[in-house]
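Colleague: Go ahead and model the full structure; you've got the sequences and the hints to work with.
So the sequences go chain by chain: R and Z.
Using our numbering, read the first sequence as starting at 10 and increasing by one per residue.
Using our numbering, read the second sequence as starting at 10 and increasing by one per residue.
No wet-lab data here; the hints were simulated from the structure.
Any given hint could be a false lead.
Here are the simulated DSBU-like pairs of lysine-lysine, each with C-alpha atoms no more than 30 Å apart in a straight line [what the hints assert, rightly or not]:
1. Z:LYS119 <-> R:LYS64
2. Z:LYS64 <-> R:LYS119
3. R:LYS29 <-> Z:LYS119
4. R:LYS200 <-> Z:LYS135
5. Z:LYS132 <-> R:LYS29
6. Z:LYS132 <-> R:LYS123
7. R:LYS200 <-> R:LYS177
8. Z:LYS132 <-> R:LYS121
One side only, chain R facing chain Z, incomplete, derived with CB under 10 Å [stated by the list, open to error]:
9. PRO70
10. VAL81
11. ALA107
As the structure is a computational prediction, the values presented were derived from the model and not from experiment.
Just so you know, even glycine gets a beta-carbon here, dropped at the ideal spot from N, CA and C.
There are 2 protein chains.
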Amino acid sequence: MALIVQKYGGTSVGDVDRIKNVAARIKASRDEGHQLVVVVSARAGVTNELIARAKALNPRPDTREMDMLLAVGEQETIALTAMALHALDVPAVSYTGAQAGIFTDLAHTKAKIKNIVPTALRKDLKAGKVIIVAGFQGLNEQGQITTLGRGGSDLTAIAMAAALQADKCEIYTDVDGVYTADPRQVKDARKLEEISYDEMLELASQGSKVMQSRSVEFAKKYGVVFEVRSSFNHNPGTIVKEEVAYMEKVVVRGVAVDKDQAKVVISNLPDKPGTAAAVLRALADANINVDMIVQNVGHHGVASLTFTVPKEDAHQAVKILPATFRKVGGGEVAAYDNIAKLSVVGVGMRTHAGVAAQMFEALAEKGVNIELITTSEIKITLAIARDRADDAQRAVHAAFGLGKPA
Amino acid sequence: MALIVQKYGGTSVGDVDRIKNVAARIKASRDEGHQLVVVVSARAGVTNELIARAKALNPRPDTREMDMLLAVGEQETIALTAMALHALDVPAVSYTGAQAGIFTDLAHTKAKIKNIVPTALRKDLKAGKVIIVAGFQGLNEQGQITTLGRGGSDLTAIAMAAALQADKCEIYTDVDGVYTADPRQVKDARKLEEISYDEMLELASQGSKVMQSRSVEFAKKYGVVFEVRSSFNHNPGTIVKEEVAYMEKVVVRGVAVDKDQAKVVISNLPDKPGTAAAVLRALADANINVDMIVQNVGHHGVASLTFTVPKEDAHQAVKILPATFRKVGGGEVAAYDNIAKLSVVGVGMRTHAGVAAQMFEALAEKGVNIELITTSEIKITLAIARDRADDAQRAVHAAFGLGKPA
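Modeller: Below, the structure written as C-alpha cells:
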C-alpha cells in the first residue's frame, strides 16, 4: 500500500462529466490498495470569469480580496469531486487549503508555502478516506486566505507530497508527459520516461509549458519525485527526479521551441558607462522581460545592444525607449517580431563537448541562419527566423538521434 | 454615529452593476457618519447552479460537502462587494462566516447559530472599515463550514446585529416593505410603517414571503429591531419590532393571500380511534404539510376529515392514501386544487371581539363561500375558492379600513 498524491488540473475537472472521469480514476487507484491525497484546481475558465467580474468592479482589485475571491474556484471543485466519489461508494472528504494546514507567507496572490501541518488530514487518511485538497490556496498567519499564483495547484501537490512523505506524486494534465520535441511538429518525437529536475526546468521555460518552474524547483529542493501524465488516457507519463548516473550518457534530452519572440536591436548608443544599464532599467520598469542579450563593443564612440523579448512586448519596447535615448544622448531602436528560440537541453552537456558544433552543423545544412546565441551548463539556445523554426527543430532532433528508442 | 447592520439579498447583488449600486448605497450610509457591517447573499442564481452541478454528480450529496460547495456563493459576493467599495475609496474588508466568528451547531445545510465572537471584525470596524460579511454560513466546533439553510443570510444579519448590539438593522430586498395587502391586487394597499414580530410571522407564513419565519423569531427572541426595505429605491421600509402600546388600537394590520393551495376531503373513514392519526402519519411520512384540519364527528360509523395542502402535494396525497384506507378498513379521498387561503392578521385581535364576524360579512356581501376556518390569537384564516381570492382580498381590506392612512 502506497501513499499517492495526485493532482488534476482545471481542464481535467472542467465540467461535471470530467469530474466523474476523475472520480473513476481515483477509485481505480484506491481499488489497487493505495492511500490517496488528491489536489484539484478550479474548473477551467472559472478563475478567468472571477477575474473578469473583479476587474469590472475595480480595475486594480485589492490583493487580499482577490485571494478571497479566487479561492472559491477550488473550493467548488473539491466539494464536487468528493460528491462524485461518494456516488461511487468511495469515502472521501474535501479540505480547503486552510483546513489542510497549508500555511503561507503574507504575499497575497503570490504567496509562498511556509509549512504544512496536515494533522486533521492524516487522521481522515488513516480512517481510510480519500482526501480532496483545494490546490492553489493557503492560509497566512493572520488567518487570511492566500493564493499561490500561477501554477499554484501543482505546487500544492508537490508540497503536500513532501509534507506527507508520499510514495508517489502524479501530476495529471492535458498532455501525456514531456517529449523530446513538440510532437505536432516532429513526427518521431518520443516521450521521455524520465527527466531530471534541471532539464525539466530548462524545457519548461522554453515553451514546453507542462509545469511552472517554481513547482519543479520546489520538487528539486525537497527531492519530490513526480510523474507528469494525462488524465484523458492511461499512458505512462514522464517521471521527473534528480539526475541519475545513466542520464549522463545521453547528451541531449530534448528540443524546445518558443515561437512567440521578437528581436530588438538598439544601435547608435553612446559608448559610455551606464548607457546599457539605463536601457535595461527602462525596460524592466515597463515590466518587459529581456532575454538573450548581446552587447557589441563600441566603434567610433557608439555601441549596439540586441536582445529578445516576448513578441507582445516588442511594440511597447519601441515606444518607451526613445525617452531613454534622449536622456543618454542618442540611440535608435528597431524590432523584428518574426523570431523563434530553439533550445537543446540535457544534463549530459556538462561533460560533453561539441554539442553546439553539432547543433550549428545541423542548422547550416538546412540553411537556417543563427541570429543570437546563449548557453548555460545544460542548455544551448539560438534565436532564428520563426518561419524556419519547425524545420530547425526537426533537423536538430534528428541530429541528436532523439527519435530513436532510448 | 450609529452602528448599522445592512443585509443585501441575492437579487440586490445579482450582477456587477447591482453590486456597484449596493456599494454606492453603502458609501452613502457611511458618508452620513455611520459604522457599517454589511451581510450579503450569493448572487441570485448561483446557489441553484451549484446545487444543479452537485445533483448531476450525486443525487443525494453529502451535507458536509454541500456546505463546502454552497459557501462559495457568498464568498464570491463579499470579495466583489469589497472591491466595488474600494473603487469608491471606501475602506472595506470581507469576512467569511468563519472569519466573522459565526459559530453554529453541527447540523450541516440547516445549522443553527450558537454564538458569535466578532473579535477580529470589531477591530476592523474600529479602524474605520466597512465590514462585508458572508451571509448564510458559519463554522462548527469541528472546524467545518456549515450553512444555515433557507433565509440564512437574513439570520446572519439579525444575529450579527444582536451580537454587536447594533443601533439599526436594515434588510434590503426586492420589495419595499410589508403591505396591508398584495399591492398588485389591492390598489389602495398601504405600506406599513411598523409591524410587530408576531404579525410579521403570521403574514410571512401566509404568502407575504418577505422573510423566513426563523429570522423573525430570532429577532423577536433577541429584541433586534429591523427594517425591511428595497435596495432598488430610497423609500422608507417597514420597521419590525416588539408590539408597542398604540398597536393595540389597530385591530387588523394586514391581509395575506396564498393561492397555491388545495383542499383534500377524506370521507367514509371508519369512525374509530387512531384512524385520523393513521391518515395524518401517512401524509407526514410523505413530507406533505397539512394545514386547516377539520374533522367531522362520525354518523353511522363513518367520519370525514378535510384539510388543505400546498397545491403541488395534492396529487401525491391522493396517490398514497388508499394504502392507509386498506389498513384502517375504509375511506375515500378527493382533492380540489382550486383553493386559496385568505388571512387577516393583527395583534389587536387579542383584545377585540367581532373581527371574524366583520370578515365573514364582508365576504358574504361579495358572495364568497367559506370552505374552512382556522383561527389563532392574532390571525383568522379562511379557505375559499381561488378564483374569488382577489375579490375577497379587496373586500376584506376595505372592510377593515386598511387602505386609509393610519
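Colleague: Taking the hints in turn, state whether each one holds.
Modeller: Evaluated hints:
A threshold of 30 Å between alpha carbons decides the hint, and for LYS119 (chain Z) with LYS64 (chain R) the separation of about 34 Å lies outside it, so the pair is violated. The hinted pair formed by LYS64 (chain Z) and LYS119 (chain R) fails the criterion: a straight-line CA distance of about 34 Å is larger than 30 Å. With a C-alpha separation of about 27 Å, the suggested pair LYS29 (chain R) and LYS119 (chain Z) falls inside the 30 Å cut-off, and the hint holds. Straight-line distance between C-alpha atoms of LYS200 (chain R) and LYS135 (chain Z) comes to about 60 Å, which puts the hinted pair past the 30 Å bound.
Taking the CA atoms of LYS132 (chain Z) and LYS29 (chain R), the gap is about 44 Å. The hint is violated against a cut of 30 Å. Using a Cα cut-off of 30 Å, the hinted pair LYS132 (chain Z) and LYS123 (chain R) holds, with the two alpha carbons roughly 27 Å apart. For the hint pairing LYS200 (chain R) with LYS177 (chain R), the CA-to-CA distance comes to about 20 Å; that is within 30 Å, so the pair holds. With a C-alpha separation of about 27 Å, the suggested pair LYS132 (chain Z) and LYS121 (chain R) falls inside the 30 Å cut-off, and the hint holds.
A distance limit of 10 Å between C-beta atoms decides the matter here; for PRO70 (chain R) the minimum to chain Z is near 5 Å, and the interface restraint holds. Satisfaction of the interface hint for VAL81 (chain R) is found here, the shortest Cβ-Cβ separation to chain Z being roughly 4 Å, below the 10 Å cut-off. With its C-beta approaching chain Z no nearer than about 9 Å, ALA107 (chain R) sits inside the 10 Å limit, and its interface hint holds.
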